[in-house]
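Participant: Given next are the chains, with one letter for each unit.
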Amino acid sequence: MTGLGIGRGRRAVHALLVAVLCLGATACGGDDNGGGASGSGGDGAAAQKKVGMALVGPRNDGGFNQAHYEGLVAAEKEHGVKGTVVENIAPGQPRVDALKNLAIGNDLVIGVGAEFAAGGLAVAPQFPEKKFVIINGQLSDKAPNLSVYFVREGVPAYIAGTVAAELTKTKTVGFVGGELIPPTKQSDDAFKAAAQKADPSIKYQTVNTGDFNNVSLAKQATATLVSQGADVIFLMLDRAFAGAQQAIEESGKDVKVFSIIVPRCETAKNIVGCATLNASPFVVAIVGDFVDNKLPTGEMKTYGVEDPEIQAFELCPEWAKQPALASIVEEQTKQINDGTLKMPEGV
Amino acid sequence: MDPFGAAWLATTLTLATPLIFAAVGELISERAGVINIGLEGMMLTGAFFSFLVAWATGSFWLGVGAGIAAGMLLAAIMAVLSLKARADQIVVGVGLNILALGLTSFVFEQIFLSRPQAVLPVPERVAVPGLSAIPGIGQAVFRQPVLVYVAWFTVLAAWWVLHRTTWGLAIRSAGETPSAADTAGIRVDRVRWIGILVAGCLGGLGGAVLSIGQVGLFVQQISAGQGYIALAAVIFGGWRPLGVLGACLFFAGTNALQLQLQARNSVPAAVWAAVALVAVVYAVWRLRRPETRSWGTAASAGLVIALGAGLTLARPSVSLPSELWLALPYVITLLALAGLVGRVRMPRDLGIPYDIPYDREAHKV
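Each protein sequence line maps, in turn, to chains G and X. Each residue of the first sequence is one higher than the one before, starting from 0 at the first, in numbering that gives the first Met the number 0. Each residue of the second sequence is one higher than the one before, starting from 0 at the first, in numbering that gives the first Met the number 0.
Next comes chain X alone, as it looks inside the complex (with noise of 0.2 Å):
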């Protein structure tokens, strides 16, 4: 069976969706200049709130309402904290987090301690006329649960918002220029604190969507560091909308390709197909250019198209430990964030809050 077949696609979008939430959501913080290291931790909150309303009203959509105020709350912390308080961003993220992960835990053993687990019904998948019909593809990709159509409409809203309104713009210029922004009447710490907003609701929506979305039960610890996979995704993403979205993939991909592989007595022909087309894409989109362009770019993609070529054609009988494929998700992360040091371009004033000159205080901003 293929590795790349509809199994992995249907496990792709499953794993992907909750990290399409937190990372547009941090997207959006981080064009307004702040930078959230405590998504962890609203994704945390977000997943045990959702979880024990869900359990204790019996409703689905008021538990995601939960997770979605309770990533809000924790994000109003971070912005009181870091905006009006000016502390460092990422030492306010890091003290969130811990919070989260002591609260979640306290509360929950308050609560469900003695009882038996809980299991709540995960939501029915919908199917899109037609769309799932297609052959193949068609059940695994056009038949999810709502949230995953969710996730990808917030995409395309992000997209829109950042790129097509005047809020966009208010955004971007928080994030780049807020000295520009803050002459030309734009109230950037008030951007900011939605931008903040923003990462909470979304933060909140994608641990609604680990808990009660994708397993029905809540376990601690569950958002299991995607929190700062979704921070990576951001970053392997460009800072743009549909650059997170395929980050998103490209590392829900990878992760639901090792389970397919370690259960595999030996690595398909396709594995080293796709390593030798990446290995091409890779190579066309550095040596197009005459600033990328280098001997050691072209020889080492030269080296990885040929061996994948080869072990293509060859077809050898190898069998890897499962140690590799549980690190491969973050082996690749790790790729390919190295590859784009340097060539991608944050925020110009991402991290650094912005103090309003002194003589606009009698404007009250």
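Here chain G stands alone, though its shape is the one from the complex (with noise of 0.2 Å):
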């Protein structure tokens, strides 16, 4: 080859090399193309409010994310909004450039979960003019366009708790969580506080993965637990859920568990309940609170399992059967909403 004939080979490889790398990057990020929230914006409707979403996982995750989502395109029909959704957000600098990127073509930018939180609180303040939600987030004096709405997922995690106390037979019972955020925790403390205050003879292990999707550590993590002896497990997992029951049935052990978010009853039978959370009906209220002018400032909203059709603690239909443990979930929730059992310290 000659010296010519190698620049311009070389010359076509660049710019082969970038175009591989553009389309690389506008296929990454996850921007909606199709159906429900919608991606595209400026067809000219100049008064239509617009919403941003961040997901930190898949939208399609079959758990909290998907649950979030599906909560924007409800709002989108309820109240006239455009929706924008960006997802698998990962951790560090990209959600707080998430958050940044929402915001300057979106009036709302929501935040989906407390991964979110440190972001809100950098990003609010240099756009003053937008308004934040950050689910499960923290407030600032700095950022009074920053709105909180508080899932208390340990509520209905504590009624799990009492319940597990009542199934377990060898007395040991597990909880894996995935990423270590506040509502992993307070789940956590929630389900073995009420475990250990059943029966204080109940030993309690946890393990956290680091991540709700990660399908492989999730399912060594539950194959640890089992193989310490626990038969009652809270699983804290989003799409990572289907690891975790491969690890079960793949011992061959008798191993109830719980779930969170979106009840997968029909799944398996060993699924006891869930501490479900209907986030479109709370999707739908946050994003009217923006239309109506009416979003919390100063202070969070929370949410335990006073309003069933956004938080509660429910049995799958097979277990529901069973009055002690039909009982036993509607005297806790009753006593919950009616103040007469209190949480734990930070739940």
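The hints are simulated quantities; they were obtained by calculation from the structure and are not laboratory data. Virtual Cβ for every residue (Gly too), placed ideally from N, Cα, C. Please note that a few of the clues may not be correct.
[Claimed, not checked] If you want a taste of the chain X side facing chain G, the calculated C-beta under 7 Å gives, among others:
no., residue
1, A6
2, T10
3, L112
4, Q116
5, V118
6, Q213
7, V218
8, A223
[Unchecked claim] Quick list of the computed label-pair ranges, beta carbon to beta carbon:
no., chain 1, residue 1, chain 2, residue 2, range
9, X, K83, G, T296, 55 to 61 Å
10, X, F152, G, K168, 39 to 45 Å
11, X, W60, G, K170, 41 to 47 Å
12, G, T266, X, T56, 23 to 29 Å
13, G, Q195, X, A156, 49 to 55 Å
14, X, S178, G, E248, 56 to 62 Å
15, G, A323, X, G129, 44 to 50 Å
16, X, L319, G, Q195, 18 to 24 Å
17, G, Q137, X, A156, 52 to 58 Å
Hints given; two lone chains; assemble the complex.
Facilitator: What follows is the structure, given as structure tokens:
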């Protein structure tokens, strides 16, 4: 090959490299182009308010992220807003950048989860004319445009703990969590407190994998707990729930589990109940508050189990037929709501 | 229950298998002189396309083949850009990782977003006759899916090829002194091409293990940085097959250990004893040679040994936060790599493109 030929060839390959990198950068980020919450804007509906939502995981994880995404889709229909969603936002700076990018093109930015707490505190002051809602976030004096809706996920986990104490035969109860965020710790603390209050002889074990969607690690974490004798496990996982169930199946042991966000009762008989979070009406309510200019400022709006449409602990239908379990759930929900049963500190 | 028991062994082998495949592939590539930062992307594309084909065809082995092919395709792009175009190998690798992330996320959403989560059956475990009956560890170590045994065989095959065949000599020469290899008639670029393709093949296979081999499903970013851990394993293993195997087992073992330790209310005595043992091994390794002997090493190792031994005997009820255990594999990785800086020697021409001398152009090398 002559020097000229090598030069042409090299330029062509460099151009190919740039094109490939551009394709990769364009395909990353997961902006929605399909039905539901839309990624495109600027179609002349100037009065239409725009809502951007940031998710830490995929919108079809069958759990936390999907529930909130579906809420945005419902809010589009109910309040006539235009929604944009970005998903799979990695920890650290990407979460800050995601909120910033959403703020540029939207009137309201919703960060779904405590994972966006720090990002909300950093970005909200930079866009004083925009509104920010961080679910399970933190408030700041420097960000009056930042609102926090706090779902006390530990409350239904507490009820699950009492049920777990009733069910366990080995007197060993476990918790598998994902990312170490306040809701994970609150659920862990509440589940443990309730189980050991009901039966102080119960041995309690926790494993956190650091990721709600790491299926392989969740499988190993659950296998670890099962090998150490746990026969009732609270699985605070999204996509990784499938991995945890695989570990239980492969062990051949009778291990009962609780799920979160979305009841998965139809998928397996060992799922006793779920700390349900019906994020759809929750997100619709948030967007409604925004549209009506009623976003809370200065203090968090919190949800326990007082509104079963939003959050509750529910037994799966087959398990709900057991009077002892049904009675525990009904009684504890009532006591929590009327204040006679206090949650552990921090829950 | 002993934290280093059968459950820990079983988890270690499971976590190590995808690392072993990826790291051995990377070893071949780096011994040939090409640093393949795109290994993470190769694992991710292998994981996705193996899942896609297995889901579409119902065949596990067709899925594995697709994962290998996907990894090799990405490796071919790497080879064209880094060998033909002489682009910086690290830049190309980073670009390929971004491409893999975007491509797999995009295609996954197009096909699976509107469907319920698809979960495929994971392969049955195969028991090694006789060995699987060993009390205690038999079932944990010798009753594994087939690909676990294939991973171990891959390590042995890599050792044999690199050190017992002329082809292995060509690979090593291409990475150490490509000009000498060229003079001896070895086609350096061809050897490096093959090295990169082997990395893609085994990286894709490692990805297939992650998805259809272990959990039967795919989630975006399922590789979760394991390609980078595999890169570190090659360095930690000193660019030797058995060293790489040891490194992979070490990383997987610490990851498995942190799961065990999180589940306990206090740190078991066995862990303190293990810390002391590691310090003893390190001290012996460093102090036995005059050139690495120092008072600093002796003092620090002695302190750790005394602390470990003391805690083993005292058995305090110490509970450490989950965050610390989660960070443990990465902290140990950093410590291990830091301890090896300057003590391992990488292939001399790693990452340096080889420019064929002008006077051999006539031979169309």
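Participant: Now, for every hint given, state plainly whether the structure supports it.
Facilitator: Comparing the hints with the structure gives:
no.: 1; hint: A6; result: holds, 4 Å
no.: 2; hint: T10; result: holds, 5 Å
no.: 3; hint: L112; result: holds, 5 Å
no.: 4; hint: Q116; result: holds, 6 Å
no.: 5; hint: V118; result: holds, 6 Å
no.: 6; hint: Q213; result: holds, 5 Å
no.: 7; hint: V218; result: holds, 5 Å
no.: 8; hint: A223; result: holds, 6 Å
no.: 9; hint: X/K83 / G/T296: 55 to 61 Å; result: holds, 60 Å
no.: 10; hint: X/F152 / G/K168: 39 to 45 Å; result: holds, 42 Å
no.: 11; hint: X/W60 / G/K170: 41 to 47 Å; result: holds, 44 Å
no.: 12; hint: G/T266 / X/T56: 23 to 29 Å; result: holds, 24 Å
no.: 13; hint: G/Q195 / X/A156: 49 to 55 Å; result: holds, 52 Å
no.: 14; hint: X/S178 / G/E248: 56 to 62 Å; result: holds, 57 Å
no.: 15; hint: G/A323 / X/G129: 44 to 50 Å; result: holds, 49 Å
no.: 16; hint: X/L319 / G/Q195: 18 to 24 Å; result: holds, 20 Å
no.: 17; hint: G/Q137 / X/A156: 52 to 58 Å; result: holds, 54 Å
Violated hints: none; the structure is consistent with every hint.
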